[in-house]
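If you read the sequence shown in our numbering, its first letter stands for residue 1, the second for the next number, and so on.
In short, the hints are calculated from the structure, not lab data.
Please note that the accuracy of each hint is not assured.
[Said to hold, decoys possible] Derived CB-CB ranges, DEER-like: (1) E62 with D291: 44 to 54 Å; (2) D291 with R61: 45 to 55 Å; (3) S150 with N51: 41 to 51 Å; (4) R70 with V267: 33 to 43 Å; (5) T60 with I293: 48 to 58 Å.
The beta carbon of each residue, even a glycine, is placed where N, CA and C say it ideally should be.
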Amino acid sequence: MIHRLSDFEGLNGLRVIADGEFAVTGKLSTPLDGLCVPLRSANYAGEVNANPRISAVVTTREIANSLDSRIAIAVADDPDAAHSEIHAKLALAHAEELRKTPNSIDRSAVIDPSARIADHAVSIGAGAWIGPNVHIAPGVTVSDHCVLHSGVALGVPGFNTGRIGGRLRIVPQLGGVFLSPYVELLANCCVARAIFGGATTLGEETVADNLVYIAHDVQIGRAVQICALANILGRTVIGDNAYIGPSAVVKNGLTLGDGARVSMGAVVTQDVPAGATVSGNFAVPHDRFLDHIRSIR
Numbered sequence: 001m002i003h004r005l006s007d008f009e010g011l012n013g014l015r016v017i018a019d020g021e022f023a024v025t026g027k028l029s030t031p032l033d034g035l036c037v038p039l040r041s042a043n044y045a046g047e048v049n050a051n052p053r054i055s056a057v058v059t060t061r062e063i064a065n066s067l068d069s070r071i072a073i074a075v076a077d078d079p080d081a082a083h084s085e086i087h088a089k090l091a092l093a094h095a096e097e098l099r100k101t102p103n104s105i106d107r108s109a110v111i112d113p114s115a116r117i118a119d120h121a122v123s124i125g126a127g128a129w130i131g132p133n134v135h136i137a138p139g140v141t142v143s144d145h146c147v148l149h150s151g152v153a154l155g156v157p158g159f160n161t162g163r164i165g166g167r168l169r170i171v172p173q174l175g176g177v178f179l180s181p182y183v184e185l186l187a188n189c190c191v192a193r194a195i196f197g198g199a200t201t202l203g204e205e206t207v208a209d210n211l212v213y214i215a216h217d218v219q220i221g222r223a224v225q226i227c228a229l230a231n232i233l234g235r236t237v238i239g240d241n242a243y244i245g246p247s248a249v250v251k252n253g254l255t256l257g258d259g260a261r262v263s264m265g266a267v268v269t270q271d272v273p274a275g276a277t278v279s280g281n282f283a284v285p286h287d288r289f290l291d292h293i294r295s296i297r
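Using the sequences plus the hints, can you model the full thing?
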């Protein structure tokens with residue numbers, strides 16, 4: 001759906017100075033086209049101008065003069081708050097559209113009677129197994145032969161805050177969750193839906209241990225192993241055949257290459273190249289970590 005900035009004139013003090021179209025709200029790092037983004041620092045004006053995905057910006061009058069003429073511009077005293085209000089209105093409209101989408105549940109899927117599945121916009125494929133007390137929200141696709149053990153929650157809200165109605169709130173989400181075939185999630189795993197559109201995605205044959213948290217907009221490749229209590233934060237991209245050890249934390253927005261390995265308890269704050277192993281808090285290449293341990297013993 002296409003929107004115009006002028007559709008939101010006056011919202012939270014929003015004033016349009018160069019009208020134009022956009023498709024979705026987002027941030028500078030959101031990998032979607034037709035973005036409307038907030039901009040409160042002139043330091044990022046060059047990045048905005050160079051990003052072909054960005055169609056509209058909510059900013060201050062002082063920064064507006066730094067933006068390209070191709071970009072639709074609205075100004076507000078608090079650009080982040082005005083942008084959050086726009087996003088909230090779009091989320092309400094999106095929820096109404098989702099309600100028009102019927103569920104699609106294959107007859108061969110096995111679903112425990114205690115599972116709670118939304119009454120619209122859920123797709124469950126052939127041979128899927130849905131265990132006790134599983135929760136599946138609208139906008140979730142569970143592909144063929146996935147296995148969800150007790151207490152798994154799919155499509156829960158992601159943690160992203162904004163000021164809506166003058167109060168600090170969790171902003172509503174427009175995206176979904178997509179599980180590729182043969183994904184298996186053990187008890188009480190939690191997968192948040194994407195915030196601005198698209199889907200948090202788990203690749204074919206990816207498996208996750210008990211109590212794993214996968215945040216909004218994460219993209220996980222094929223045959224990835226994620227051990228118990230791991231936390232994979234928003235917008236992380238993980239390549240095929242990677243391994244995430246028990247209780248590891250992966251910072252938001254990172255990329256872990258194919259075959260990357262994260263050791264038990266590691267706190268990952270930088271990208272991990274394909275085939276590399278990192279350990280420690282903060283995580284460093286595994287051999288450097290071992291050298292350090294030997295040096296202090």
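Results for each hint:
1. E62 with D291: 44 to 54 Å: holds, 50 Å
2. D291 with R61: 45 to 55 Å: holds, 54 Å
3. S150 with N51: 41 to 51 Å: Check passed, 43 Å falls within 41 to 51 Å.
4. R70 with V267: 33 to 43 Å: holds, 41 Å
5. T60 with I293: 48 to 58 Å: holds, 50 Å
The structure meets every hint from the earlier list without exception.
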